[in-house]
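Based on the sequences and whatever the hints tell you, model everything.
Per the numbering used here, residue -8 is the first one in the sequence shown, and the count goes up by one each step.
Hints were generated in silico from the structure; no laboratory data involved. Hints should not be assumed to be uniformly reliable.
Here are the simulated distance ranges between beta carbons [what the hints assert, rightly or not]: (1) P75 to D50: 19 to 29 Å; (2) L220 to D268: 26 to 36 Å; (3) T215 to P344: 43 to 53 Å; (4) D121 to T81: 21 to 31 Å; (5) A270 to G327: 35 to 45 Å; (6) D268 to N143: 51 to 61 Å; (7) T215 to N32: 19 to 29 Å; (8) N32 to D264: 36 to 46 Å; (9) M336 to V254: 39 to 49 Å; (10) D157 to P344: 43 to 53 Å; (11) F56 to T147: 21 to 31 Å; (12) D50 to F262: 22 to 32 Å.
Remember, it's a predicted structure, so these values are computed and weren't measured experimentally. In this text, a Cβ means the ideal position worked out from N, Cα and C, and glycines have one as well.
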Amino acid sequence: MKKLVLLTALCLGLTACAIAQPSDVVILDRVFNDDSDSITNHVKNLPQVILSDTKLDGDGRSPEFANRHAWFVSADGVNPLQVPITEEWTLEFDLTLTGTPVTPRKEAGGFVRIGMPWGYSEMQFMVNTDAHEVVAFGYPFPFYRFTNQSYNSGDTIHLGIHFFKDSDGKYKVVYRANGETSPATALADQGLFTGWITPGGYLQVNIQAGNPNNGGVAVFDNITWNGVLLRRAYAIRGNIELKDYGADVTQVPIHTELRQGGVAVRTETLFTDSAGDYAILNVTPGTYDVAFKASHWLRVVVPNITVADADVTGGDASLTNGDIDGDNEVTLFDFGELVAAFGAMPGDTNWNPNADLDGDEEVTLYDFSTLVRNFGATGDD
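Now the structure itself:
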């Protein structure tokens, strides 16, 4: 009964189907809770997760079977992410399971929930300390045992789960263990699937009555999602001033680069709000130089923005106007472009929107004065 209540509550707590990619995990303590006074200690330090449960000597209430703890991929670190079932994905990690003692059973590994009419069903792809198995099972997933693999407490094994829709229209799974792969095998009763799937991992420790030293620890290291290390992501926020511009700043695309060691590791085009505020989302921890370049403004690089364990604010930049030809300098070449477009409006043959520095849809003396004021300026590299 304890398990049924917990499973029902957890099912109701899952998030609605989302297309967002996971950038975090959520840990669910005591999915099974047959020993309520055991001592748990779970740690999330992506790309590593540690699940630990000790002092499993029973709490005197039936049933006295096991405790189970789980983690699932997440977009927000709070709710398990329901990945649309049509999306192909691969989850992999290095697993080290230690049981003290090795019997009764301690088990850990991949853990997947799939939406069904009654809520969900579960698959376990696990190793254990007593039977030394590497085995996957759980309706509607196919059963598979790696007969060439044997697991002992304290070993590190690389496990992976690849889920996809094959060309025959069937949803299939491939299990991976230390470089060995299972055949791609279809799941059963696919007409029952309700559209989502949530992968993760788990630890289960069987109770040994009267032994307060009974416990287990599972270390999931180098967790990857589709080949990329799973790291919690944060936002870089700030304000961008587009100088000498009177039109709608929300319509100005700003080319943005996140650089490390002088190399762009991420590029995107962002737009600010009407106050010039912006947010660069899903930034993994690290130190970045952030470069901003808009069409006829000079580039500004904001150096040494460090993303650690929270969103970062204060990445402000003020962009100098007048770079009509886009070479990151305000020179005679820009003056020539402005002269060629002088007096033009949209629809004219000589109209050049980059020469309309103030955004009033006419190239006039106001634009000329901006160029003169900023003449000779050079943007950051």
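Legend entry - Hints breached by this structure: Failing hints, ascending: 1 and 12.
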